[in-house]
Amino acid sequence: MARIRFGRLGEPAMWILVALRPGPKTAARLLDDVRTMDGQIGPGTLFGTVARMERLALIESVVNDEGRRAYRLSKPWSSDQIARMEGLSR
Amino acid sequence: MSRLVRLYPMAWRERYEAEFLGVLHDRPVDRRDAIDVVLGAVDAHLHPELIGAAHQPWTHRLPGLLATGAGLIWTWFFIHVLTAAPEDEWGGGIGFAVLLMFMAVPGDYLVAFGRRIGAVIVAIVAAMILGRILPWSAADGLLNLTAGVTAWLLVGAGMLTLVAIRAGIGPGLRWLLLAVAVLIPATVGIPILGGFGPGDRGGVAAMVVATLPYGLAWALVGVRMTVRGSATIQDTPPSPHATEVPAT
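From first to last, the protein sequence lines stand for chains X and W.
Quick note on this note's numbering: the first sequence kicks off at 19 and runs consecutively.
Quick note on this note's numbering: the second sequence kicks off at 157 and runs consecutively.
Please note that the accuracy of each hint is not assured.
Claimed, not checked - Okay, derived cross-link-like pairs now, DMTMM-like style, lysine to aspartate or glutamate, Cα gap no bigger than 25 Å in a straight line:
(1) X:K43 to X:E84
(2) X:K93 to X:D50
(3) X:K93 to W:D186
(4) X:K93 to X:D51
(5) X:K43 to W:E170
(6) X:K43 to W:E173
(7) X:K43 to X:E72
(8) X:K93 to X:E72
(9) X:K43 to W:D182
(10) X:K43 to X:E29
(11) X:K43 to X:D83
(12) X:K93 to X:D83
(13) X:K93 to X:E29
(14) X:K43 to X:E78
(15) X:K93 to W:D182
Rather than coming from a laboratory, the hints here were simulated on the basis of the structure.
In this text, all values refer to a predicted model and were calculated from it rather than measured experimentally.
Based on the provided sequences and hints, a complete structural model is requested.
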């Protein structure tokens with residue numbers, strides 16, 4: 019598999035991890051929460067980051083009680099995933 | 157705003173479009189968000205591996221970059237001609253742009269067969285040096301004009317068609333591109349051009365009208381091909397079962 023790079027999306031990825039810590043959230047809710055914490059990120063940035071995090075299995079999608087797709091932290095994290103998460107902040 | 161989602165690759169849209177539209181519909185979206193969506197679409201094209209598609213090697217971006225470069229050089233050159241340059245400076249820029257156009261069509265075939273192609277280039281350069289040494293010159297007049305117009309309509313349009321096919325542009329849009337970039341400008345520009353003598357500024361302006369859309373078309377197709385990626389002509393050998401044409 020090709021190497022996934024976060025580049026400028028490393029910081030939004032960190033905020034998404036923080037926002038998902040309490041539990042699963044839809045993309046719309048996730049955008050609102052990250053904006054509350056981090057300021058203005060756009061929809062393109064959100065989905066670009068979510069796609070990378072899904073691909074790396076840092077987060078996973080589930081269907082919530084309302085039948086909508088939501089995202090949650092995947093668990094348990096392997097040591098490889100922890101290393102990837104640490105790599106986001108570099 | 158929701159139309160901007162169409163800029164994303166099809167595989168990406170199949171996975172995220174519904175959620176994406178939900179996000180856009182639920183809240184006010186400003187100009188900065190629109191720019192963010194466009195940048196996100198470029199990112200999605202540059203990283204197809206994010207949605208499980210095959211990773212694009214850098215050589216698949218090469219044809220698009222060459223086409224973009226060719227289009228920009230072509231466009232810049234004719235603007236330069238219109239504003240300042242005397243006719244004796246016409247040769248170099250156009251020659252270089254056409255060279256890049258030829259290089260853009262076969263893709264990273266150029267990389268895979270660099271040594272053989274290099275040998276051909278050496279032969280061409282040798283022939284050009286011989287051409288400088290030997291005392292011959294091209295015939296002037298009607299023959300030259302006919303050859304030029306024919307080359308323009310057949311080779312120029314053909315090259316643009318080939319590169320548009322490689323960029324994944326469908327037949328309808330491709331014909332529109334040809335009409336706007338080649339057929340209409342040539343139809344309008346060449347007859348006007350015929351009414352001017354050598355060195356007339358009006359003739360230069362007509363030349364620019366006839367040729368500028370061509371360069372812009374190459375630049376646009378090149379950007380699309382760079383973003384989408386385009387494999388070498390050898391990567392997709394024709395299958396004997398895939399080439400069947402349905403009877404009409």
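Hints, verified against the model:
1. A hinted pair counts as satisfied when its Cα atoms are at most 25 Å apart, and K43 of chain X with E84 of chain X qualifies at roughly 12 Å.
2. For the hint pairing K93 of chain X with D50 of chain X, the CA-to-CA distance comes to about 24 Å; that is within 25 Å, so the pair holds.
3. With a CA separation close to 36 Å, the supplied pair K93 of chain X and D186 of chain W exceeds the 25 Å bound.
4. Between K93 of chain X and D51 of chain X the CA atoms are separated by roughly 21 Å; this keeps the pair inside 25 Å, and the hint holds.
5. A hinted pair counts as satisfied when its Cα atoms are at most 25 Å apart, and K43 of chain X with E170 of chain W qualifies at roughly 20 Å.
6. A hinted pair counts as satisfied when its Cα atoms are at most 25 Å apart, and K43 of chain X with E173 of chain W qualifies at roughly 17 Å.
7. A hinted pair counts as satisfied when its Cα atoms are at most 25 Å apart, and K43 of chain X with E72 of chain X qualifies at roughly 14 Å.
8. Of the supplied pair hints, the one linking K93 of chain X and E72 of chain X holds, its CA atoms being roughly 12 Å apart against a limit of 25 Å.
9. Of the supplied pair hints, the one linking K43 of chain X and D182 of chain W holds, its CA atoms being roughly 15 Å apart against a limit of 25 Å.
10. In summary, the hint linking K43 of chain X to E29 of chain X is supported, as the alpha carbons are separated by about 19 Å, within the 25 Å threshold.
11. Distance check on the hinted pair: K43 of chain X and D83 of chain X sit about 11 Å apart at the alpha-carbon level, within 25 Å; holds.
12. Of the pairs offered as hints, the one joining K93 of chain X and D83 of chain X holds, with about 20 Å between alpha carbons and a cut-off of 25 Å not exceeded.
13. Under the criterion of a C-alpha separation no larger than 25 Å, the hint pairing K93 of chain X with E29 of chain X is consistent with the structure, at around 21 Å.
14. A distance of roughly 11 Å separates the Cα atoms of K43 of chain X and E78 of chain X; the hinted pair therefore holds under the 25 Å criterion.
15. A threshold of 25 Å between alpha carbons decides the hint, and for K93 of chain X with D182 of chain W the separation of about 30 Å lies outside it, so the pair is violated.
Going through the hint list in order, the structure does not satisfy hints 3 and 15.
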